[in-house]
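Chemist: The primary structure of each chain is shown beneath.
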Amino acid sequence: MNIIEIKGVTKIYDKNTIPVHALNGIDLTFQEGEFASIVGPSGSGKTTLLNILGGLDDATDGVVLIDGVDLTALSGAKKTTFRKNKIGFVFQSFNLIPVLTVQENIEFIMQLQGIAREDREKRTAELLEAIGLSDRKNSRPNKLSGGQQQRVAVARALASKPKFILADEPTANLDSKSAENLLDIMGKLNREENITFIFSTHDLRVMNKAKRIITIEDGKVISDVVKEEIHNLI
Amino acid sequence: MLWLLSWKNVWRNKLRSIIVIIAVMLGVFAGVFMLAFMNGMVEERIQTVIRTEISHIQIHQPGFLENNDFSLRINNIDSIIHLATQTGHVAAASKRIVISSMVASAETNSGIKIIGIIPDQESKITNIGEKITDGDYFRNQQKNNVVIGKKLAEKLKVGLGKKLIITIQDVSTNITSGAFRVGGIFDTDNDMYDESIIFVRFSDLSLLSGLDGTQAHEIAVILDKDENTDQVKAELRKSLSTLEVMDWMELSPEAGYLVSAMDQYTVIFMVIILLALCFGIINTMLMVVLERVREIGMLMAVGMSKIKVFYMIMLETVYLTMTGGTVGIAAGYFASKYLERVGIDLFFWKEVYASIGYSSLIYPKIDLQTIMIVSLMVIFTGLFSAIYPAFKALKLNPAEATRME
Ligand SMILES: Nc1ncnc2c1ncn2[C@@H]1O[C@H](COP(=O)(O)OP(=O)(O)OP(=O)(O)O)[C@@H](O)[C@H]1O
Ligand SMILES: [Mg+2]
Numbered sequence: 001m002n003i004i005e006i007k008g009v010t011k012i013y014d015k016n017t018i019p020v021h022a023l024n025g026i027d028l029t030f031q032e033g034e035f036a037s038i039v040g041p042s043g044s045g046k047t048t049l050l051n052i053l054g055g056l057d058d059a060t061d062g063v064v065l066i067d068g069v070d071l072t073a074l075s076g077a078k079k080t081t082f083r084k085n086k087i088g089f090v091f092q093s094f095n096l097i098p099v100l101t102v103q104e105n106i107e108f109i110m111q112l113q114g115i116a117r118e119d120r121e122k123r124t125a126e127l128l129e130a131i132g133l134s135d136r137k138n139s140r141p142n143k144l145s146g147g148q149q150q151r152v153a154v155a156r157a158l159a160s161k162p163k164f165i166l167a168d169e170p171t172a173n174l175d176s177k178s179a180e181n182l183l184d185i186m187g188k189l190n191r192e193e194n195i196t197f198i199f200s201t202h203d204l205r206v207m208n209k210a211k212r213i214i215t216i217e218d219g220k221v222i223s224d225v226v227k228e229e230i231h232n233l234i
Numbered sequence: 235m236l237w238l239l240s241w242k243n244v245w246r247n248k249l250r251s252i253i254v255i256i257a258v259m260l261g262v263f264a265g266v267f268m269l270a271f272m273n274g275m276v277e278e279r280i281q282t283v284i285r286t287e288i289s290h291i292q293i294h295q296p297g298f299l300e301n302n303d304f305s306l307r308i309n310n311i312d313s314i315i316h317l318a319t320q321t322g323h324v325a326a327a328s329k330r331i332v333i334s335s336m337v338a339s340a341e342t343n344s345g346i347k348i349i350g351i352i353p354d355q356e357s358k359i360t361n362i363g364e365k366i367t368d369g370d371y372f373r374n375q376q377k378n379n380v381v382i383g384k385k386l387a388e389k390l391k392v393g394l395g396k397k398l399i400i401t402i403q404d405v406s407t408n409i410t411s412g413a414f415r416v417g418g419i420f421d422t423d424n425d426m427y428d429e430s431i432i433f434v435r436f437s438d439l440s441l442l443s444g445l446d447g448t449q450a451h452e453i454a455v456i457l458d459k460d461e462n463t464d465q466v467k468a469e470l471r472k473s474l475s476t477l478e479v480m481d482w483m484e485l486s487p488e489a490g491y492l493v494s495a496m497d498q499y500t501v502i503f504m505v506i507i508l509l510a511l512c513f514g515i516i517n518t519m520l521m522v523v524l525e526r527v528r529e530i531g532m533l534m535a536v537g538m539s540k541i542k543v544f545y546m547i548m549l550e551t552v553y554l555t556m557t558g559g560t561v562g563i564a565a566g567y568f569a570s571k572y573l574e575r576v577g578i579d580l581f582f583w584k585e586v587y588a589s590i591g592y593s594s595l596i597y598p599k600i601d602l603q604t605i606m607i608v609s610l611m612v613i614f615t616g617l618f619s620a621i622y623p624a625f626k627a628l629k630l631n632p633a634e635a636t637r638m639e
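Taken in sequence, the protein lines are chains V and G.
Counting in my numbering, the first sequence runs from 1 upward without gaps.
Counting in my numbering, the second sequence runs from 235 upward without gaps.
Hints are all accurate, no fakes.
Listed below are several chain G residues computed to face chain V (Cβ distance under 8 Å; list not exhaustive):
1) M235
2) E529
3) V536
4) S539
5) K540
6) P632
What the hints contain is simulated information worked out from the structure, not anything from laboratory work.
Think of the CB as a built atom: it goes at the ideal place given N, C-alpha and C, for glycine as much as any other residue.
Assemble the whole structure, with the sequences as input and the hints as a guide.
Modeler: Structure below.
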């Protein structure tokens, strides 16, 4: 089953006097376990698309089915709950709560989900191990490097066991080494936990780590390539 | 979880939070202390009214109080005194002849109210005997002794042992005078009282006015406790139905108003303080929300419900307010309790206070009930100031978190 299925999605921002057509009829589907990147020039609509996939914004027109649920039909509060349980988010920055420790940040959504303390701690320990930051679990985010912070954000997004993780330019603020490192960790988690990642990027090297590359321009998908060969190698 | 998160958030900007907390603390402290101070002042004044000037209950012929008509006398005064003292909760009662008249010294004269008392009886009722600054309170057995207030003595330019001429209308409406000698000078905290009341012996005044000692104008009654006033008044009204029985609040309405007026003032005062704090808190919390737009957007994006976001900001505000409020209330309470024992002597304003009937020595008084009320007001202020900023936070859009400026 497709975990994401969108058809004829358009988005028009008309807050200002001139309406902006950010998305112009996008059809896309994603299956479980994908590791896809969305690329395109600045202003092409990457963030807008990811926001619609994540239920942070509403499409002006079109169908958005996430895990079989029509997102457009959900009320604000239901959508929040839906995001909490089904979708993980990694943003470019401001991912973490500065007053909480690394461990507490990773546990945060699990706490919102009402998961028991023992289970939370077990899961957090696993994830800390996976992102290689077990020894930093009691640090505040501002004591970590940008790359480490993004790794924690990935762990936090994974902790709640979502259906997929959306990451809008997760490496934009990172140097290339940290960026690659983050992508490697994401790739590893994608393989080991079979978690779906969809991320947008400008960075060619980051893009090339993806198994599927969707290119959009002026709010339209202009290419959608699955790199089977990489897939087969793994 | 929210509790802890909000508490940690309070300390993100330590300096700013501390400033707000100190402002709340000072405001609440000032409020509590002012409350105690005013309360102590009122209490003191009420006690003066009861213990020095009026007593708990007075009995007269109906109409006597209007203009102290000499002919409105109570007959068989001693049997009525007896009856009054037999009533429950009555500690003592005394009879008084009250005449509005003139007193003259060698220098000048003055209109006064002359009260004829039996000193032994009277000292159980009022504490004028304890307020003597010069001479004594009818301790010598000389006839025609008079005890006057310090203010009046200054006005008449007389001292101890000096002669005063008292002129009154007697039973047969003839003008008659008597020479009296100043045997004592008292000083209460009320200048007006000191200037307008003089005391002589009941027997001397009976003689001068031609009364036979079985009649008087006024009976003053003192009770075991202030709280029993209403009950005793009702009983006396029943048993002395032809006479007028009034309590201190009716006799000195301004003292009664004082209690309710002060209560109102202090509430208004407190509300103004808290309102001022309210604006400060709202301002600070709006800043907090504004600074955290992206973070709050992120929290909403990852699944924190709007209600939780609302609570988080509410809690932060309440923490700020309550931290300052608790310290302020505690400081105000203990400062008041301490000063209730030692008193605050505003001696440099003694004259001012005396001119309006107050003592310059003030014992602030505060009870736990007042503290409870103040605490509730502070909590309410916290909640109230939190609403708008928390509402602002609610309005934020989770998509904000993804937008780069
Ligand atoms: N809130 C908004 N109101 C109005 N117009 C918007 C808004 N958000 C985005 N747009 C416009 O929609 C178009 C697509 O924007 P979007 O942010 O999705 O592009 P992007 O591909 O993410 O760009 P970048 O690579 O710079 O992040 C742009 O023209 C942008 O100006
Ligand atoms: Mg973007």
